[in-house]
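Just so you know, the sequences run in chain order A and B.
If you read the first sequence in the numbering used here, its first letter stands for residue 1, the second for the next number, and so on.
If you read the second sequence in the numbering used here, its first letter stands for residue 1001, the second for the next number, and so on.
Hints are computed from structural coordinates only; laboratory data are not their basis.
Do not take every clue at face value.
[Said to hold, decoys possible] So these bits of chain B aren't anywhere near chain A, every CB distance computed over 12 Å:
{"#": "1", "residue": "Ala-1099"}
{"#": "2", "residue": "Leu-1220"}
{"#": "3", "residue": "Arg-1232"}
{"#": "4", "residue": "Phe-1246"}
[Claimed, not checked] If we take Cβ atoms under 10 Å as the criterion, some of the chain A residues that face chain B in the derived model are:
{"#": "5", "residue": "Leu-72"}
{"#": "6", "residue": "Ser-96"}
{"#": "7", "residue": "Phe-98"}
{"#": "8", "residue": "Gly-139"}
{"#": "9", "residue": "Thr-302"}
{"#": "10", "residue": "Leu-307"}
[Unchecked claim] A short, non-exhaustive set of chain A residues, derived as facing chain B with CB atoms under 10 Å:
{"#": "11", "residue": "Ile-124"}
{"#": "12", "residue": "Pro-125"}
{"#": "13", "residue": "Tyr-144"}
{"#": "14", "residue": "Pro-154"}
{"#": "15", "residue": "Gly-156"}
{"#": "16", "residue": "Trp-191"}
{"#": "17", "residue": "Ala-204"}
{"#": "18", "residue": "Ala-255"}
{"#": "19", "residue": "Gly-287"}
{"#": "20", "residue": "Gln-298"}
{"#": "21", "residue": "Leu-300"}
{"#": "22", "residue": "Ile-308"}
Ideal placement from N, C-alpha and C gives every residue a C-beta, glycine not left out.
So you can see what is in the structure, the chains are spelled out below.
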Amino acid sequence: MRVARGNLLESTREAFARLGGRLAAVILIFVVLGLASDVFLTQNNLLNVLRQAALLFLIASGLTLVILTAGLDLSVGANLGMSACLAASVLKATGSPFLGVLTGVASGLATGLANGLLVTALRIPPFIATYGMLWVLHGLSYYYMAGDTIYGFPPGFREIGSGYLFGLPVPIYLMFVFLAIGWLFLERTTWGQEVYAVGANPVAARLSGVPVRRRLVLVYTVSGGMAGLAALVYLARLNSAEADIGEPLLLPAIAAVLIGGASLFGGVGTLGGTLIGALILTLVLNGMNLLEVNANWQPLVTGAMVLIGVLLDMWTRRRAEEKS
Amino acid sequence: MHHRVHELARRLAALPGVAYILVLQAIVFGSVAQGFLSPLNLTNIGTQATILLMLALPMTLVILTEGLDISMGAVLTLCSVVLAWVLVHGGGIGLALAASAAMGLAFGVANGTLVSYLGMPPFVATLGTLGMAQGLALAITDGQSIVGISAQIAFMRADVLGIPLVLIIAFVAYFFVHALLYYTRFGTYVFAIGGNREALALAGVHARAWHAGVYVFAGLMVGITGLLLVARTNSGHPTAAFGMEFDAIAAVAVGGTSFERGEGWLFGTLLGVLAVGVMRNGLNVAGVSSSLQVVAIGLLVIAALLIDALRRRA
């Protein structure tokens, strides 16, 4: 169960107990790749890893909130694709980075809200609702783009994805900003604690006065909004948009959350864990690249990571049950 | 007289939502699209819906156990790629089908083990294996199409007594699964697992093995369907059946099988397959792009879920 609010020392210790093994995994991968590849430890490659992990974290952070409520958002990849396409055409048409950013985030939020309403008002199981949404968005994006590519965005906008600040890529700052905001929300606000409560035991949460449906709508909306935001970072980095750009990001996002220690059964997980999960997955895929493994194997490894993440959680759970 | 009208209204209200949807579709497409209701086009719909039916039948069994298999499209893709690969490399049709079925079976065993023995939530377990199947299909083909197999598989496009062979396969598959679900111990356990697996286990049944068996059966069906897919497309392509499980899940949902209560019926799935098939065909004939067809099917599912939710409330 969650520790009471305000007990910072204990919550830090608890977090470390959960994440210590995962940090060790990061260090192990570092050592192995450092020995196996000459390129791995170069500044360029490490910044590249961090930049990719940052993008993954942005998508996975919103998804973490959903998974904390024992839900799931399978539409994050398609949502990212759709938001990127809409933002790209607004950027092209107006040349205004502001309007482009507004469009991307608004599109992501709207999809997230729709997911939240499907899950709460229509009571469709989350994985079905968001899986249906995945294909609806997929269809809409393909119809909207009609096979076109939109490319070449204003330099001001491109800073979000490919710019540098004090020698570090901008997405890395975004990652830490949203990690901080998310941490404050989850640990220091009533709403955040209620998100954990909904996931740990929805019936108990409702009986103790938590507005369960509103918190559910909130997490799906936030997840959608983060997908929209990540779309902008991705768009600014790629400098082009196609209908299918979000599709390959769904499995990695889910893998990052699960490898990061969030439980599909709800109530357990942290954003710090998700950050480490994103880092582990990115390091593994980067290592495969450096060791010249055919990129076609990446979905297989990512799929396996999803399964490993869930198995680890189930194992932790069983051990905790045996102890108590 | 008044009594009879009342009785008729009561019977109409008791019909499943999918029946209304089918009638509505026949009226709308029949009046909008020229030639929609012609025997030729209706046969066409049946032929096109065969692959969908082959996936939707085992999907019904999986969903009846309160499960889900979203790896079906990716595994079917992988099976079709394996089948095409064997044919191109000089293997006979029997060997190719065996390889495809074995691949489907292997993924079925993996899904069944993860879900039943390890207790993993089905949608995540099959999402993981989806990624793995996708990766394998890409790795085998290196992202390219496998072509040059048309002669060996042409027999699949033949007619038997004037009926397309694939349509006959569809009928056989339906009646086989129907018999399996309603007249065997396996079928009884499928319903029991969805209702309460613990009770089944307490009754001394190897509930876990039967539960895993549902996924194994689904994998085997998908493996066999690989032959139908290669016969239709004349090639093995690494994204051939991409997302096909969505149509299958939609057909099961439209057919009135519930995702959460272990309730449903196989005939409803047949009607659901027809509803999805008619929708695709009708929109095709009306010239609507395939990307918007997916959106329409999503709305169809929501409509069906709404109708059933309203009926439960009434």
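Hints, one by one, checked against the model:
| no. | hint | verdict |
| --- | --- | --- |
| 1 | Ala-1099 | holds (19 Å) |
| 2 | Leu-1220 | holds (21 Å) |
| 3 | Arg-1232 | holds (21 Å) |
| 4 | Phe-1246 | violated (5 Å) |
| 5 | Leu-72 | holds (7 Å) |
| 6 | Ser-96 | violated (28 Å) |
| 7 | Phe-98 | violated (30 Å) |
| 8 | Gly-139 | holds (3 Å) |
| 9 | Thr-302 | holds (5 Å) |
| 10 | Leu-307 | holds (4 Å) |
| 11 | Ile-124 | holds (6 Å) |
| 12 | Pro-125 | holds (5 Å) |
| 13 | Tyr-144 | holds (9 Å) |
| 14 | Pro-154 | violated (29 Å) |
| 15 | Gly-156 | violated (32 Å) |
| 16 | Trp-191 | violated (26 Å) |
| 17 | Ala-204 | violated (20 Å) |
| 18 | Ala-255 | holds (8 Å) |
| 19 | Gly-287 | violated (16 Å) |
| 20 | Gln-298 | holds (7 Å) |
| 21 | Leu-300 | holds (3 Å) |
| 22 | Ile-308 | holds (9 Å) |
Against the hints set out earlier in the document, violations occur for numbers 4, 6, 7, 14, 15, 16, 17 and 19.
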